[in-house]
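Protein chains: 2
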Amino acid sequence: MDKEAYLISRLNSKYVGDDAAIIGNTLYSMDAFFEDTHFKREWMSMSQIGRKAMLINLSDAVAMNAYPKYALVTVSLPKELSITEIDELMQSMEQTAGEYGCEIIGGDTIGGEKLHLSITIVSESKNPLLRKGLKEGDLLAFTGTLGESKRDLDILLEGGRVDPGSRFYEPVLRADFVYKARPFLRVGMDISDGLYCDTNKLLDMNEYGFDILDNISDDVGFSGEEYEMLVGFKKEHLSTLEAIARETDTPLNVFAEVVRNDERFPCKSHHFL
Amino acid sequence: MDKEAYLISRLNSKYVGDDAAIIGNTLYSMDAFFEDTHFKREWMSMSQIGRKAMLINLSDAVAMNAYPKYALVTVSLPKELSITEIDELMQSMEQTAGEYGCEIIGGDTIGGEKLHLSITIVSESKNPLLRKGLKEGDLLAFTGTLGESKRDLDILLEGGRVDPGSRFYEPVLRADFVYKARPFLRVGMDISDGLYCDTNKLLDMNEYGFDILDNISDDVGFSGEEYEMLVGFKKEHLSTLEAIARETDTPLNVFAEVVRNDERFPCKSHHFL
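So the protein lines, in turn, are chains A and B. Counted from 1, the first sequence has number 272 at position 272 by full-length UniProt numbering; the numbering is strictly sequential. Counted from 1, the second sequence has number 43 at position 43 by full-length UniProt numbering; the numbering is strictly sequential.
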């Protein structure tokens with residue numbers, strides 16, 4: 001959405017551009033998970049909502065090779081939610097944060113018509129993985145299998161049901177891979193707007209284009225909210241990264257080489273509102 | 001609202017209870033400013049919305065004797081907002097944060113039906129002012145003149161207009177007073193839910209009651225979102241604090257003495273939804 005991009009660019013600070021702002025060794029990131037923008041309440045249990053809200057926030061830290069430490073959570077609570085539902089939501093967020101060593105330390109709660117969650121993550125990294133730094137000849141790769149998130153979102157939008165283990169409900173963060181691979185990566189980011197759009201962002205920021213090495217279907221390229229990793233690295237590190245990928249059980253798909261051209265993928269908003 | 005209080009209590013962390021969570025010398029706080037919960041869009045310009053959203057967030061830090069450093073801002077943007085309006089909103093938030101030495105370093109922007117703002121403030125304090133620590137015989141006082149915020153909210157709710165300088169639009173933070181008075185204060189918090197409710201919170205937390213020294217009208221006691229300070233201090237510091245109050249142009253109103261009883265004020269939610 002153009003106005004969103006405009007507002008983000010208006011945050012004319014030297015820290016904006018990556019998933020998180022970096023101050024010393026501390027990273028700060030913030031992501032919204034809003035009803036009717038990111039999810040419909042009838043699609044998900046409270047526990048699934050809490051878990052996904054927390055995972056997509058933890059992803060910002062993990063994708064930058066940072067260790068999540070603290071979370072702040074602001075919740076707008078619809079009146080009709082029961083105490084049991086609120087418990088489910090909170091427990092799920094606490095449990096999910098805890099799996100990544102992160103503690104919820106505060107936040108705000110207000111009454112509202114919709115269930116909106118805003119989360120801030122404070123994380124630490126001695127060597128954050130940024131979006132800037134690609135060089136000519138680098139390889140671009142993504143982790144995992146893309147496409148399921150969009151496919152399942154489309155099914156839900158048409159009133160269907162999807163498997164509870166779907167990536168749409170339960171993104172898989174590649175923490176082990178990122179932490180081990182960091183020394184061999186030039187750039188990286190999580191795939192939230194789809195591989196096409198996010199690759200374009202990376203290329204725009206680094207002022208390069210690409211030669212395709214492995215064709216990507218639109219079902220893969222347009223699938224947003226995957227939270228798999230998009231990474232760029234020096235060709236000579238390919239075999240090391242492939243070994244780390246095997247070791248951490250992470251599919252690694254090399255799909256392009258960075259070159260000096262203006263090549264871009266088609267990109268359109270993946271939000272359903 | 002009971003469910004809000006419940007959810008806040010469910011954030012069962014050792015850090016929750018004050019306006020901000022404290023980790024070392026760093027304080028983290030987060031407040032929502034949501035359309036139709038905290039304001040109606042027809043009541044305020046974009047610039048007023050941005051300013052109040054930032055001020056109520058800075059207030060959490062200032063009220064704890066902390067210096068705001070960084071802000072993260074998540075905005076849900078209705079489609080009908082123009083680029084000019086977005087500019088006004090952002091400029092106003094940046095300018096207001098800047099007045100308190102605080103920089104917006106990141107955040108998130110999404111499309112939504114309503115204009116909702118969530119802000120996180122990272123602040124620093126070597127000697128944070130907490131809510132816990134009251135002793136028998138301490139005095140309770142509030143700063144400024146209370147009542148205007150509720151009076152003007154009532155006028156707006158009835159379709160009337162209020163002065164652009166109203167406290168409802170433009171809370172006055174007592175930064176100078178707090179920073180200078182800190183060594184002589186036992187406890188403190190900003191008045192967001194009204195003097196009655198916030199005094200009760202302070203007393204609940206400290207397990208004391210009070211003797212009234214100066215009668216408070218319901219117009220004053222029930223007025224929420226004032227962002228004046230509620231403080232408690234040792235009797236012998238009264239004259240020092242009165243001097244600091246004069247020096248910083250801060251009306252200081254002593255209204256109660258802390259005693260061992262169960263006295264509480266009447267308390268009801270001040271939100272209009």
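Just so you know, the hints here were simulated from the structure itself, not pulled from any lab data. Be a bit skeptical, because a hint or two may be false.
Note: identical chains are not told apart, hence a pair may lie in one copy or across any two.
For lysine to any residue, the following SDA-like pairs were computed, each having C-alpha atoms within a straight-line distance of at most 25 Å [claimed, not checked]:
#1 Lys-3 with Ser-82
#2 Lys-201 with Arg-151
#3 Lys-114 with Trp-43
#4 Lys-69 with Ser-92
#5 Lys-40 with Pro-266
#6 Lys-69 with Ser-47
#7 Lys-114 with Thr-248
#8 Lys-201 with Arg-246
#9 Lys-40 with Ile-23
#10 Lys-3 with Tyr-179
#11 Lys-40 with Arg-151
#12 Lys-114 with Ser-45
So, going through the hints one by one against the coordinates:
no. : hint                 : verdict
1   : Lys-3 with Ser-82    : between (36 Å within a copy, 8 Å between copies)
2   : Lys-201 with Arg-151 : within (23 Å within a copy, 49 Å between copies)
3   : Lys-114 with Trp-43  : both (14 Å within a copy, 22 Å between copies)
4   : Lys-69 with Ser-92   : within (17 Å within a copy, 31 Å between copies)
5   : Lys-40 with Pro-266  : neither (27 Å within a copy, 39 Å between copies)
6   : Lys-69 with Ser-47   : within (21 Å within a copy, 34 Å between copies)
7   : Lys-114 with Thr-248 : neither (39 Å within a copy, 42 Å between copies)
8   : Lys-201 with Arg-246 : neither (28 Å within a copy, 55 Å between copies)
9   : Lys-40 with Ile-23   : neither (35 Å within a copy, 35 Å between copies)
10  : Lys-3 with Tyr-179   : neither (34 Å within a copy, 39 Å between copies)
11  : Lys-40 with Arg-151  : within (16 Å within a copy, 38 Å between copies)
12  : Lys-114 with Ser-45  : both (15 Å within a copy, 24 Å between copies)
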